[in-house]
Each structure stands twice: as structure tokens, then as C-alpha cells.
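Protein chains in written order, with my numbering: chain G, 4 to 71; chain W, 491 to 660.
Mixed in with the good hints, there may be bad ones.
[What the hints assert, rightly or not] Taking lysine to any residue and the SDA-like style, the derived pairs with C-alpha atoms no more than 20 Å apart in a straight line are:
{"#": "1", "chain 1": "W", "residue 1": "524", "chain 2": "W", "residue 2": "619"}
{"#": "2", "chain 1": "G", "residue 1": "41", "chain 2": "W", "residue 2": "509"}
{"#": "3", "chain 1": "W", "residue 1": "639", "chain 2": "W", "residue 2": "620"}
{"#": "4", "chain 1": "W", "residue 1": "582", "chain 2": "G", "residue 2": "31"}
{"#": "5", "chain 1": "G", "residue 1": "41", "chain 2": "W", "residue 2": "582"}
These are calculated hints, taken from the structure and not from any lab test. Every value quoted in this text rests on a predicted model; they were computed, and no experiment measured them.
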Amino acid sequence: MEIEEEVKVPEEVKENVPIYERIRFLGDGSFSKVYLYKNHQINRLEAWKVFNNCASLEMIANEYQVLQ
Amino acid sequence: MQMYYQREGIISLEFSENGGLYEFLFNNRAFGEKIARLYFRQLISGIEHIHGEGYAHRDLKPSNILLDSNFILKIADFGFSKQCQEIFHDFKGSEGFRSPEILKYHPYFGKPADIFAAGKILFTLQTRMVPFKIADKSRCAYWEFLCNKQYDEFWKNHKSHFLDHQFGRI
Numbered sequence: 004m005e006i007e008e009e010v011k012v013p014e015e016v017k018e019n020v021p022i023y024e025r026i027r028f029l030g031d032g033s034f035s036k037v038y039l040y041k042n043h044q045i046n047r048l049e050a051w052k053v054f055n056n057c058a059s060l061e062m063i064a065n066e067y068q069v070l071q
Numbered sequence: 491m492q493m494y495y496q497r498e499g500i501i502s503l504e505f506s507e508n509g510g511l512y513e514f515l516f517n518n519r520a521f522g523e524k525i526a527r528l529y530f531r532q533l534i535s536g537i538e539h540i541h542g543e544g545y546a547h548r549d550l551k552p553s554n555i556l557l558d559s560n561f562i563l564k565i566a567d568f569g570f571s572k573q574c575q576e577i578f579h580d581f582k583g584s585e586g587f588r589s590p591e592i593l594k595y596h597p598y599f600g601k602p603a604d605i606f607a608a609g610k611i612l613f614t615l616q617t618r619m620v621p622f623k624i625a626d627k628s629r630c631a632y633w634e635f636l637c638n639k640q641y642d643e644f645w646k647n648h649k650s651h652f653l654d655h656q657f658g659r660i
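Hey, can you work out the whole structure from these sequences and the hints?
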């Protein structure tokens, strides 16, 4: 039986596959909306907090700093 | 965790599969004493960690508490968090969970404000309601009973809320 040659995905095709896929809306607050995203590269679900115009850059940076 | 900023700011966070404690409580039933104690311990442990790192959360409420895939409690939404050594003058927090000093526009510390909110969350876990919406003179449960140390009266007044959920609690 012949062994099929491994099919290699061309690099340009790989580059065009989106890493993140939006799955669904999870919830919202005064300053942000939260969506469920899938990271296809590492096969992991992530919650993305997307801030709206009411949120200042300082507020976003502050939250990020505290979480770190 | 990552942060991106293009047209809008985005923070990617760990996904908590069992959603918010608020939705969980209101789609199910109030917790019995054993489960409420378990979650309150987890909450206090989380608050202790945040305070230990030098921050106050300043917006603790059931909708800012998440449950992961193993139903372990996670504290979320640190948008109002600040270093807890500071004395705050701003009106932060959410209705029903603000401490009396915030409501009076007095300068306040973040740690006691977090502990006040945690106490109200404990009550909510067992009754699915807050004991009083606003901690001021207009609320009998707070002013007449708690501020005057009439604790027996307070519990007598709220007994029915606990009894309502006596049967069929989680």
C-alpha cells in the first residue's frame, strides 16, 4: 500500500486563516461589552472585554495593570 | 491576559464557563447556609488577595463575580480598582452595594468599602435580595436596626426572606 504524501498547507493560506473567531455575546456593562472568542491557534476560549467610548484609556490601562 | 488598543480598548481574559454569580443565583435558587459559607470564604479569600496586592476593588457585587468550569468563584471587573492606601473622594460602586461613607460623599478607604459590599453579597447569596438598597437614614433596616444595634429586630424583620427559600435551596 502506498503511503500518501503529507499534504502541506502553503504558508500564504495559513496566514489567511483567522486566529480568533467570535463565538457569541456574553454580556455588557456601562463601559464595555464582553464577547466569547475562540483562539484557534491554541484552541482556547477567551472572554474579550471591548471598551466603549465612555471608558478612558487611563481606566483601561488601570484595569490591565491591576489584573497583571 | 492581553491588552490591545486600536479604535477601542480590548482586554482578553480567561473565560469563566459558568457565567456570573448574579445570573446563576437568579436562574436557580438561593444558596443554603453550607454553600453560601463556601462561596463567602472564596470571596473573602479573593478580596484578601486583592487587598494584599495593595488594591481595593470598589465595585463588588454578584454580577462582578464569575464561576469557572469547576464552579470556583472568580472576582472580575477591576475598572474602578485603585491602590488601597489612597483616600477616595469619588462616587464609585453600584447601587445596593455602596457603603454609607460613599453615599454621604465622605472621604473613604477602599478596603472597608469592599468588606461592606462582601457582607451584602453574603446576604444576597442566601436570599437573592439585598437587605437594604441604600445604607442611609431612609432605610429602616439599616438605620433603625443596624445603626442602633437592634440586631434581633433586623433578623426578625428579614426572617421571612430566609424562610421563603428554606425548601428547595441549593
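Against the structure, the hints come out as follows:
Restraint check for residue 524 of chain W and residue 619 of chain W: satisfied, since their Cα atoms lie roughly 18 Å apart, inside the 20 Å limit. Proposed proximity of residue 41 of chain G and residue 509 of chain W is supported: the alpha carbons are some 16 Å apart, at most 20 Å. A C-alpha spacing of about 19 Å is found between residue 639 of chain W and residue 620 of chain W, which places the hinted pair at or below 20 Å, so the restraint holds. Between residue 582 of chain W and residue 31 of chain G the alpha-carbon distance is near 18 Å, which keeps this suggested pair within the 20 Å criterion.
For the proposed pair residue 41 of chain G and residue 582 of chain W, the alpha carbon gap of about 33 Å is over 20 Å, so the pair is violated.
Comparing the model with each numbered hint stated earlier shows that hint 5 is the single one that does not hold.
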